[in-house]
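Chains as they are written, first to last, in full-length UniProt numbering: chain A, 1 to 295; chain B, 1 to 295.
It is possible that part of the hints are untrue.
Just so you know, same-sequence chains aren't split out, so a pair can sit in one copy or run between any two.
Distance condition first, Cα-Cα at most 27 Å in a straight line; then the derived DSSO-like pairs of lysine-lysine [unchecked claim]:
#1 K293 <-> K240
#2 K212 <-> K272
#3 K180 <-> K65
#4 K212 <-> K273
#5 K212 <-> K156
#6 K180 <-> K128
#7 K293 <-> K141
#8 K161 <-> K47
#9 K272 <-> K180
Keep in mind that the hints were calculated from the coordinates and are not lab data.
Protein chains: 2
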Amino acid sequence: MRIGIIGGGAIGLLLAAYLSPYFEVTVYTRRQEQADRLNEQQLRLCKQGREQRIRVRAALFGAEKVQADVLFITVKQYHLSDVLSQLTNVPSTTTLLFLQNGMNHLRLLSQWKERNIVLGVVEHGALKHDDCTVEHTGIGKMTLSLFQGTLGQAEKLLDGKIPYFPIEYTDDWQTMLTDKLVVNAVINPLTTILRIQNGELIRIQEYTEMMKQLFAEVCDSLALSNRESAWHRIVAICEKTAANRSSMLSDIEHRRKTEVEAILGYVLEEGKKRGVATSLCQFLFYAVKGMEKHG
Amino acid sequence: MRIGIIGGGAIGLLLAAYLSPYFEVTVYTRRQEQADRLNEQQLRLCKQGREQRIRVRAALFGAEKVQADVLFITVKQYHLSDVLSQLTNVPSTTTLLFLQNGMNHLRLLSQWKERNIVLGVVEHGALKHDDCTVEHTGIGKMTLSLFQGTLGQAEKLLDGKIPYFPIEYTDDWQTMLTDKLVVNAVINPLTTILRIQNGELIRIQEYTEMMKQLFAEVCDSLALSNRESAWHRIVAICEKTAANRSSMLSDIEHRRKTEVEAILGYVLEEGKKRGVATSLCQFLFYAVKGMEKHG
C-alpha cells in the first residue's frame, strides 16, 4: 500500500517513522531542503534514549503528482485550505485522512463530497528536533473514524501490527474530536499563559482550580454530556505527560503561530451559538494571540 | 517635626529620602542588618541616572519606643496586623498614616477609634535595589486623606515644598483608595501572568482587550460610578510607566509574596456582596497565588 504524508512536522515524521517499515511511504514537505535532507540523511526516530534510522522517501509538496492509497494530511488547521486547493488532482480512490486539532476544518471538507474521508486523532507525544529527527516522547495511540465514503485501503492500518504505535477505530468521530478538543482547550491555553509543563496543572492546587473554571466554560460551550469522564481524561493526560510542554506553549516559545483559532476559537463560536458566557475562553484567546505577537 | 517610617521597602526608603532633609526622620526596619547598614552607609537615592546620599536614622522596629508626630506605616497589607499589635504604646497625639494598597486594611483600623488616622496613596515609581538604595523610577505624587480624628502635625506635610515629591490632599478617601485599587486590580495581575512591562498592555491590542474585560468586571464588583475617567487613568498610567514592571510582577520574579489578597481578594469579596460574576478576577487570583508557589 502506498501512503502519502503531507507535512514534515512532528506528527508527519512520527507517522513516517512507524509506517515506513510496513508500507511504501512518501513524505510531502513544504520546503525542498527538508525533502532533500530526509532523502539523503534518512529519518531519525529517538525513543527512550535510543536512536533508529529509517529510510523514507520525501518530495516537495506540489512538485510531483501525489499518488497514494491513503493520504495523511498532518498540516496545521490554518494551512489546510492551501493544501486542499492543491489536492484536486488526487485520484478519487485515495482515502484522505485528516489529523487536525479542533473541528473548524470539517467545514472545509464539505466541498469534498465524493471523497473517502477519514478523521484521526493522535495521542502520542512527539517532538521534532530538526528536519529529519523526531523524538517519540510519549507512547499513546492514534484513533481513526470514517467521516464519509469508505475507509478504502485505510482499513489495512487497523490490524494492530505496529509496535509502540497502536491504531484504533471508532464509529463516532464527533465524540472522538470533541474529547480531544476539550483536552486541548483546557491544557493548551493554561500551560501557555502560565508557561508551565503539563504536570504543574495538577501539582499546584490553584492551577487545578483554574483548570476547573475553564473546563466548566468549555463544557457549557460545547454542550458536553459526559463531563466527569472528560475531566478524568484531562487529569490523566496531565499525569501521563507531566514533564511535557504543550504544543501551544512550544509554539509560543519557538515564536510560531499557535492553533488557538482551531481550539479556543471553535469553542468561542460554539458558545456564541448556544448563548453561553465564554469570558475565560475569550480572555485566554486574547492572551495567546497577544503572546503570538509579543513572543 | 519627628517622622517615623515603619518599613524599609521601596516606598519606606523613598519617603525617608525625600522627607529627611526637612524633618527628623527615623526608619523602623524588620531586620537589624538593614537598620545598621542605613545608619552606617546612609541612604542612596538614584534618580534620572544621578545618585544622592542622604543621612537617615534607622532602628529595628520593636527595639525602641516609637516617638513620632507622624508615623508612616508602609508595610504590605499582609504584615499590617503584626505591626499594629506593636503600636499600642504609641502616644495618642501621633498621627498614623497608612499607605497600604487595597482596602482590606480599613477593617483592622476599626479597633483604633481614638486615634488620628490618615490614609495615603503613593503614585511614584520606586525600586529598591538593596537595603540602603532606592531608585525613583517615576515621579508622581502622594495623596493624603483624613480617615478619622485630626490631621495633627501631618498638616505640615502639605505645604508642597519638597521638589520631585508633591503631596496633595483630598477629602474623599473612599474615592482615593478605590481609584488606586481599580488601577492595581487591572494592571498588576495582567502584567504578572503575561510577565510583561506595563506599556505592553496598551501596545498589544489583544492585551488591551484583556484589560477591558477585566476592567469591566472590577468596575461591576466595586460598583464604580465614573468608569470612563477610571479607564483613561489606567491607560495613562500604562503610558507613563511603560517600561516599568508592576510591583506584583516584581514580587513574583523575586519570589516574594504578592499583594493579590489586598487587591483582587478585596474585589472578589465586593463582587460576592453585590452578586456580581467575577470569574476573571477569580481566575487571575488563582493564577497569581499559584505563581507565588511555583515561582
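Going through the hints against the structure:
1. Taking identical chains as interchangeable, the C-alpha atoms of K293 and K240 lie at most 27 Å apart only when they sit on different chains, with a minimum of 22 Å there against 31 Å within one chain.
2. Both within a single protomer and between protomers do K212 and K272 lie at most 27 Å apart by alpha-carbon distance, with minima of 20 Å and 19 Å respectively.
3. Neither within a single protomer nor between protomers do K180 and K65 lie at most 27 Å apart by alpha-carbon distance, with minima of 33 Å and 65 Å respectively.
4. Proximity of K212 to K273 under the C-alpha cut-off of 27 Å is found in both arrangements, the shortest distances being 22 Å within a copy and 23 Å between copies.
5. Taking the closest pair of Cα atoms, K212 and K156 never come within 27 Å of each other, the shortest separation being 40 Å inside a single copy and 53 Å across copies.
6. Taking the shortest Cα distances, K180 and K128 sit within 27 Å of each other inside one copy (21 Å), while across copies they are farther apart (48 Å).
7. In the homo-oligomer, the alpha carbons of K293 and K141 never lie at most 27 Å apart, since the shortest distance is 33 Å inside one protomer and 34 Å across protomers.
8. For the identical chains of this complex, K161 and K47 are intra-copy neighbours only, at 18 Å inside a copy versus 71 Å across copies, given an alpha-carbon limit of 27 Å.
9. Taking the closest pair of Cα atoms, K272 and K180 come within 27 Å of each other only inside a single copy of the chain (20 Å); across copies the shortest separation is 35 Å, beyond that limit.
Of the numbered hints listed earlier, those contradicted by the structure are 3, 5, 7.
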